[in-house]
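Line order of the protein sequences matches chains A and B.
This note's numbering puts the first sequence at residues 662 to 775.
This note's numbering puts the second sequence at residues 1440 to 1554.
Note that these hints are calculated values from the structure, not bench results.
Every value quoted in this text rests on a predicted model; they were computed, and no experiment measured them.
Glycine included, each C-beta is placed from N, C-alpha and C at the ideal position.
Treat each hint with caution, since some may be false.
Pairs of lysine-lysine, DSSO-like flavour, derived with a Cα cap of 27 Å [claimed, not checked]:
#1 B/K1459 <-> B/K1505
#2 B/K1503 <-> B/K1480
#3 B/K1480 <-> B/K1505
#4 B/K1494 <-> B/K1505
#5 B/K1459 <-> B/K1503
#6 A/K730 <-> A/K719
#7 B/K1494 <-> B/K1459
#8 B/K1505 <-> A/K719
#9 A/K762 <-> B/K1505
#10 A/K762 <-> B/K1453
#11 B/K1453 <-> B/K1480
#12 B/K1459 <-> A/K710
#13 B/K1453 <-> A/K710
#14 A/K762 <-> A/K730
#15 A/K710 <-> A/K762
#16 A/K710 <-> A/K730
#17 B/K1505 <-> B/K1453
#18 A/K710 <-> B/K1480
Computed Cβ-Cβ distance ranges for the label pairs, DEER-style [as the list claims (entries may be wrong)]:
#19 B/S1457 <-> A/Y700: 26 to 32 Å
#20 A/N729 <-> B/T1519: 23 to 29 Å
#21 B/Q1481 <-> A/S745: 21 to 27 Å
#22 B/T1519 <-> A/T767: 46 to 52 Å
From chain B, some residues computed to sit far from chain A (all C-beta separations above 12 Å) [said to hold, decoys possible]:
#23 I1451
#24 K1453
#25 T1456
#26 S1457
#27 K1459
#28 F1467
#29 Q1468
#30 G1492
#31 E1498
#32 N1509
#33 T1519
#34 T1549
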Amino acid sequence: AQSVTQLDSQVPVFEEAPVELRCNYSSSVSVYLFWYVQYPNQGLQLLLKYLSGSTLVKGINGFEAEFNKSQTSFHLRKPSVHISDTAEYFCAVSENFGNEKLTFGTGTRLTIIP
Amino acid sequence: GAVVSQHPSRVICKSGTSVKIECRSLDFQATTMFWYRQFPKQSLMLMATSNEGSKATYEQGVEKDKFLINHASLTLSTLTVTSAHPEDSSFYICSARSQGNYGYTFGSGTRLTVV
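Okay, chain A solo, but in the shape it has when bound (with noise of 0.2 Å):
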């Protein structure tokens, strides 16, 4: 069975400064990997995913993130942060497309300050 770790249950960052969001995960096979965004009393919003290919994956609203095999990790990372990214942050893992199922990590909530 998979599982997802996000170490990071807050995250305060000044506005305009870089942030990281750590996600490891554990599998015993390959697995396809995403993050995404919750704001407040809403559903999720996909930011990115890796399913194959290239390791550094690009998303929306200027959000990055890095598979890394080795270190089983997937941390998402954006240079300058705004005020509007204040939301919660889960990182998602499925072992394969016949089970379907995501298992979702327990989320960091980033928050800008001014």
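Based on the hints, put chain B in the right spot on chain A.
Same frame as chain A, now just chain B:
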């Protein structure tokens, strides 16, 4: 892009009554939909996988008789919380697998409050 509509966004019901939540894929066919539950400040927990035309597959610990799932068409799945109790109060989110881009599209969620 793929859009999933979830309705209602908020519902308040009395203890002992049943509540139905709808999840519709608006511009694509979804043979598989997922239902999640999210407690305040926590992650999403998968409750069940809904397959069009067949019985849902429930995760361990989820009461199938309490959380009835119906996926009668390729664009609609419903979750009915039967005989609701205050402990069922939560945020429920549906998701549908969109075939074209190997993505999972989420609904906007339903805030259920049982009083």
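Open item on the list: Check the structure against each numbered hint from earlier and tell me which ones fail, lowest number first.
Closed with: Failing hints, ascending: 8, 10, 12, 13, 20, 22, 31 and 34.
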